[in-house]
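Line by line, the protein sequences give chains A and B.
When you read off a place in the first sequence, starting at 1, and then add 63, the result is the number in this note's numbering.
When you read off a place in the second sequence, starting at 1, and then add 122, the result is the number in this note's numbering.
The hints are simulated quantities; they were obtained by calculation from the structure and are not laboratory data.
Incorrect hints may appear among the rest.
Derived CB-CB ranges, DEER-like [stated by the list, open to error]:
(1) A:Pro-283 - B:Ala-195: 19 to 25 angstroms
(2) A:Arg-456 - B:Ser-421: 42 to 48 angstroms
(3) B:Leu-502 - A:Arg-456: 28 to 34 angstroms
(4) A:Ala-379 - B:Gly-501: 42 to 48 angstroms
(5) B:Ala-388 - A:Ala-175: 43 to 49 angstroms
(6) A:Lys-148 - B:Leu-498: 56 to 62 angstroms
(7) A:Pro-429 - B:Leu-498: 36 to 42 angstroms
(8) A:His-329 - B:Ala-273: 33 to 39 angstroms
(9) A:Ile-353 - B:Ser-421: 22 to 28 angstroms
(10) B:Ala-309 - A:Thr-224: 48 to 54 angstroms
(11) A:Lys-148 - B:Pro-335: 26 to 32 angstroms
(12) A:Thr-383 - B:Ala-449: 43 to 49 angstroms
(13) B:Ala-195 - A:Lys-148: 38 to 44 angstroms
(14) B:Ile-406 - A:Lys-223: 51 to 57 angstroms
Listed next, the in silico DSS-like pairs over lysine-lysine satisfying Cα-Cα at most 27 angstroms (straight line) [what the hints assert, rightly or not]:
(15) B:Lys-148 - A:Lys-369
(16) B:Lys-271 - B:Lys-349
(17) A:Lys-148 - B:Lys-301
(18) A:Lys-185 - B:Lys-376
(19) A:Lys-101 - A:Lys-298
(20) A:Lys-101 - A:Lys-369
(21) B:Lys-376 - B:Lys-349
(22) B:Lys-431 - A:Lys-369
(23) A:Lys-185 - A:Lys-223
(24) A:Lys-298 - A:Lys-148
(25) A:Lys-149 - B:Lys-148
Given the structure is predicted, the values throughout are model-derived calculations rather than measurements.
Think of the CB as a built atom: it goes at the ideal place given N, C-alpha and C, for glycine as much as any other residue.
Chain by chain, the residues:
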Amino acid sequence: MTLAADKPEFRLYVSPNGKGISKTVPLSLAWRILAHQKGRTALAIGGIFVAVLLIFVELGFFIAVPQGGMLIYDHMRFDLLVVSKKYVFQTESWQFPRARLEEARKNPDVAAASAVYLGGAKWQDPAGGIRLDISAIGFDPRSRAFDVADIDRQIATLEKTDTVLVDSQTRSIFGPLTEGRVVELNGRSTTIGGTYELGTGFLGLGIVLASAENFFRMSPGRPADTVNLGLLTLKPGADPDRVAQQLRTALPNDMQVFTRPELTAHEVRFWTTRTGTGLIFGSGLIVAVIVGIMVLYQTLATQITKQMPQFATMKAIGYTNLFLNGIVLSEAVSIMLIAFIPAFLAALGLYTVIRNQTLLPVIMSPTELGGVFAIVMAMSVISAVLSVGRLRRADPAEVF
Amino acid sequence: MAIDVAAGLPNTRFVPLAWRNLVSNKQRLVRSSAGIGFAVVLMLVQLGFERGFFNASLGMIRQLDGDLFVMRASKYRFGSEDPFAPRDLDPVRNVAGVAGVTPLYGSWQRFFWKDPQGDNSYLVQVFAFDPDHPPFLLSEVKAQSNRLKQADAVLVDRRARPFLGMGGDARETELNGRKVNIVGSFALGPDFMASGTVMMSDRSFAGFVAGSPDNLAALPVEFGVVKLQPGADAAAVQRAIAAALPAEARVLSKTELIDFERSFQADLSSAGPIFWMGTFVGFIVGMLISYQIIYTDLSDQLPQYATLKGMGFRTGYLMRIVFEQAALSALVAYVPAWLLTLFLYWAIGNLALLPMQMTLQLTLLSFGLTLGMCLLSAGLAVRRVITADPAEVF
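Model the full assembly from the supplied sequences, consistent with the hints where possible.
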């Protein structure tokens with residue numbers, strides 16, 4: 064049984080030079096080949112499904128790790144960030160004299176400059192028990208440094224003496240984060256004034272947010288004129304790149320100035336190249352891509368071998384190699400697309416599990432979705448190209 | 123043939139049919155071994171990452187040369203600064219069975235190491251001890267600890283992350299802005315918290331944190347490393363030390379200290395679930411690949427199986443061959459994959475600075491998983507053989 068004979072309607076399109084063939088013919092032919100062997104196709108779709116899911120997970124981690132490092136910055140209001148020349152990444156930010164921030168403020172395009180202080184504290188229940196490390200962020204509550212509604216709402220709470228807000232993602236080992244609970248921070252009795260939802264990123268197991276006054280009260284020995292992060296807000300219409308350039312010239316060379324895109328690039332580079340995470344998830348991603356290509360290639364190659372007489376016949380009646388390649392490519396893309404949809408849905412569920420388990424911002428953003436889709440399309444093209452070699456050998460004279 | 127089936131059948135006990143099936147087509151053998159082997163490598167690498175992560179976090183603790191460890195009861199992980207005064211260790215020295223106590227000083231948050239080749243400084247973990255009694259098993263530290271007696275001399279970890287510049291031959295750099303002399307190195311490797319490790323004498327450490335090298339009595343201790351007399355009952359001494367110390371102190375054996383850190387890493391850091399999930403995905407992918415391969419192999423040999431059936435061999439015998447063949451495929455694919463993984467562990471270990479080690483446990487676990495996925499796949503695919511109809515095959 065040859066495909067062409069079985070489906071006489073295709074004969075109507077045949078012309079020896081290949082012209083006049085509807086563009087959708089390869090697709091419908093591909094569809095018929097896939098539907099012809101449902102078991103095998105289902106198996107291939109299952110394989111591709113796992114591979115695509117694996118790509119979603121590995122890419123999700125690959126993107127989420129640096130994003131976890133950017134989480135706090137992403138929720139801060141600033142156009143330019145000024146930090147010490149020694150700044151490595153958020154957790155190793157170093158300090159600079161407050162006077163530098165005053166200098167930066169003098170630039171005519173700077174609308175506001177505010178200081179953020181980063182530090183750590185030992186958290187212990189007054190009743191005793193383990194002494195946990197918690198990160199502390201200090202800032203002027205009125206500077207509205209954070210783009211978080213919960214924080215803006217609780218400015219008055221932050222201004223109370225020895226009162227802090229706690230990030231709601233602070234791990235359960237710290238005990239209940241109930242409003243009014245008194246804990247010892249560096250041995251100082253401090254009241255939890257409330258919680259806010261932002262996320263801890265890679266700043267540690269938990270974060271307390273405090274006014275600058277309370278921050279310095281719980282950090283004895285830290286000089287009051289040292290700042291970790293200087294947040295600059297520009298006047299409307301000012302060009303951040305130009306102002307950053309001016310500040311780099313104006314400030315002493317113990318300082319660095321980042322625009323938002325520069326900061327993102329810097330932090331992402333740190334997390335992907337200077338920690339093991341880039342390599343681990345990068346290699347996982349490559350493995351997933353190879354698995355997908357292998358499964359798809361094997362399926363296509365088997366299909367081609369099985370349909371060799373049909374392909375050879377089509378060749379004999381004048382279909383071009385290009386047309387036959389089109390069929391194989393359509394098969395590859397169809398399998399991919401069919402597997403992509405359930406993999407996407409499964410990834411949505413898996414992302415939720417991962418988010419809850421690891422507290423990493425593994426989310427289905429357009430970057431993830433578009434990235435995986437592009438990878439998947441490239442995979443189908445590669446496996447189609449790998450397998451059409453067999454097709455070229457289809458010799459009508461040999462088949463019968 | 124149909125007249126006396128049982129008598130006409132050859133004695134099957136001595137025909138290694140599964141093996142002959144496997145090797146009859148060399149090209150197919152290579153193809154299926156490559157496929158299953160790939161799945162094996164995938165699982166071994168994921169398992170290796172998971173163990174590598176934990177081993178990196180536990181590497182330092184494993185290298186401690188002590189039988190019992192005294193620390194504050196409020197400490198929640200090995201690398202959290204929660205020190206006590208040196209004199210708190212005094213009662214321990216008088217406990218029967220204790221051969222000696224060495225204070226181990228440590229800092230994870232306060233020391234910044236300047237890259238000798240660059241301008242930047244980075245956070246490092248620092249350990250300090252009495253150079254006459256180095257509380258470490260690292261032979262290079264033991265051999266070189268005498269050199270730490272010089273003022274501001276340090277030993278560095280040459281397997282630290284490369285940006286620290288500890289692997290080069292620089293002889294001096296700065297620690298917290300103060301000049302230090304690099305007098306030697308050891309091989310430890312970073313973990314996910316510390317990029318590099320520096321060791322120095324207790325006197326140098328006092329110079330950094332207590333203002334003067336002579337101020338040892340005021341130097342905060344992180345661990346009291348206790349060595350027992352030969353033949354002492356460790357559990358009894360542990361109880362005696364705990365009784366001699368106030369309730370704020372805690373005494374752990376080395377195994378307990380390792381478990382203490384492991385449970386922190388598993389419960390509180392996000393890395394545990396990430397790699398656990400990776401291993402699971404590796405198994406599923408492997409399962410899928412091996413199913414496809416075994417299914418294809420069976421389909422290729424369907425005529426042969428059908429012929430056997432036509433000759434009168436029972437389904438049970440055919441199924442046994444299928445499972446034997448699956449087990450043999452697993453074994454044949456496993457060996458080269460295991461060897462390739464040894465190389466990959468070495469390469470990844472050096473690139474990612476993770477301690478990736480092939481252990482007997484890992485070998486057995488991964489082989490069990492490989493065998494499991496091949497047999498499971500054979501179980502799913504064997505239906506084809508059972509339903510093979512001799513009349514239809516040809």
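To see whether the hints hold, each was checked on the structure:
1. The hinted window of 19 to 25 angstroms between Pro-283 (chain A) and Ala-195 (chain B) holds, with their beta carbons roughly 24 angstroms apart.
2. Arg-456 (chain A) and Ser-421 (chain B) have their C-beta atoms about 22 angstroms apart, which leaves the hinted 42 to 48 angstroms range violated.
3. Under the hint 28 to 34 angstroms, the C-beta atoms of Leu-502 (chain B) and Arg-456 (chain A), about 33 angstroms apart, fit the expected range.
4. A hinted range of 42 to 48 angstroms for the beta carbons of Ala-379 (chain A) and Gly-501 (chain B) is consistent with their spacing of about 44 angstroms.
5. Evaluation of the 43 to 49 angstroms hint for Ala-388 (chain B) and Ala-175 (chain A) yields a pass: the beta carbon distance comes to about 45 angstroms.
6. In this structure the supplied range 56 to 62 angstroms holds for Lys-148 (chain A) paired with Leu-498 (chain B), their Cβ-Cβ distance being about 58 angstroms.
7. Checked against the hint of 36 to 42 angstroms, the C-beta distance between Pro-429 (chain A) and Leu-498 (chain B) comes to roughly 38 angstroms, which is consistent with it.
8. Taking the beta carbon of each, His-329 (chain A) and Ala-273 (chain B) are about 38 angstroms apart, inside 33 to 39 angstroms as hinted.
9. Here the CB-CB span from Ile-353 (chain A) to Ser-421 (chain B) is close to 24 angstroms, well matched to the stated 22 to 28 angstroms.
10. The hinted window of 48 to 54 angstroms between Ala-309 (chain B) and Thr-224 (chain A) holds, with their beta carbons roughly 51 angstroms apart.
11. In this structure the supplied range 26 to 32 angstroms holds for Lys-148 (chain A) paired with Pro-335 (chain B), their Cβ-Cβ distance being about 31 angstroms.
12. Separation of Thr-383 (chain A) from Ala-449 (chain B) is about 48 angstroms and conforms to the stated range, judged on CB atoms against 43 to 49 angstroms.
13. Between Ala-195 (chain B) and Lys-148 (chain A) the C-beta distance comes to about 41 angstroms, which sits within the given range of 38 to 44 angstroms.
14. Here the CB-CB span from Ile-406 (chain B) to Lys-223 (chain A) is close to 53 angstroms, well matched to the stated 51 to 57 angstroms.
15. Between the alpha carbons of Lys-148 (chain B) and Lys-369 (chain A) the distance comes to roughly 21 angstroms, so the proposed pair stays at or under 27 angstroms and holds.
16. The hinted pair formed by Lys-271 (chain B) and Lys-349 (chain B) meets the criterion: a straight-line CA distance of about 23 angstroms does not exceed 27 angstroms.
17. About 20 angstroms separates the Cα atoms of Lys-148 (chain A) and Lys-301 (chain B), which keeps this hinted pair within 27 angstroms; it holds.
18. For the suggested pair Lys-185 (chain A) and Lys-376 (chain B), the alpha carbons sit about 26 angstroms apart, so the restraint of at most 27 angstroms is met.
19. Between the alpha carbons of Lys-101 (chain A) and Lys-298 (chain A) the distance comes to roughly 63 angstroms, so the proposed pair goes past 27 angstroms and is violated.
20. Proximity of Lys-101 (chain A) to Lys-369 (chain A) is assessed by CA-CA distance (about 14 angstroms); at most 27 angstroms being required, the pair is judged to hold.
21. At roughly 11 angstroms between alpha-carbon atoms, Lys-376 (chain B) and Lys-349 (chain B) fall within 27 angstroms of each other, so this suggested pair holds.
22. Note on Lys-431 (chain B) and Lys-369 (chain A): the hinted pairing holds, with a Cα-Cα distance of about 25 angstroms set against a maximum of 27 angstroms.
23. A hinted pair counts as satisfied when its Cα atoms are at most 27 angstroms apart, and Lys-185 (chain A) with Lys-223 (chain A) qualifies at roughly 21 angstroms.
24. Taking the CA atoms of Lys-298 (chain A) and Lys-148 (chain A), the gap is near 25 angstroms; set against the 27 angstroms cutoff, the hint holds.
25. This hinted pair does not check out: Lys-149 (chain A) and Lys-148 (chain B) have alpha carbons roughly 61 angstroms apart, beyond 27 angstroms.
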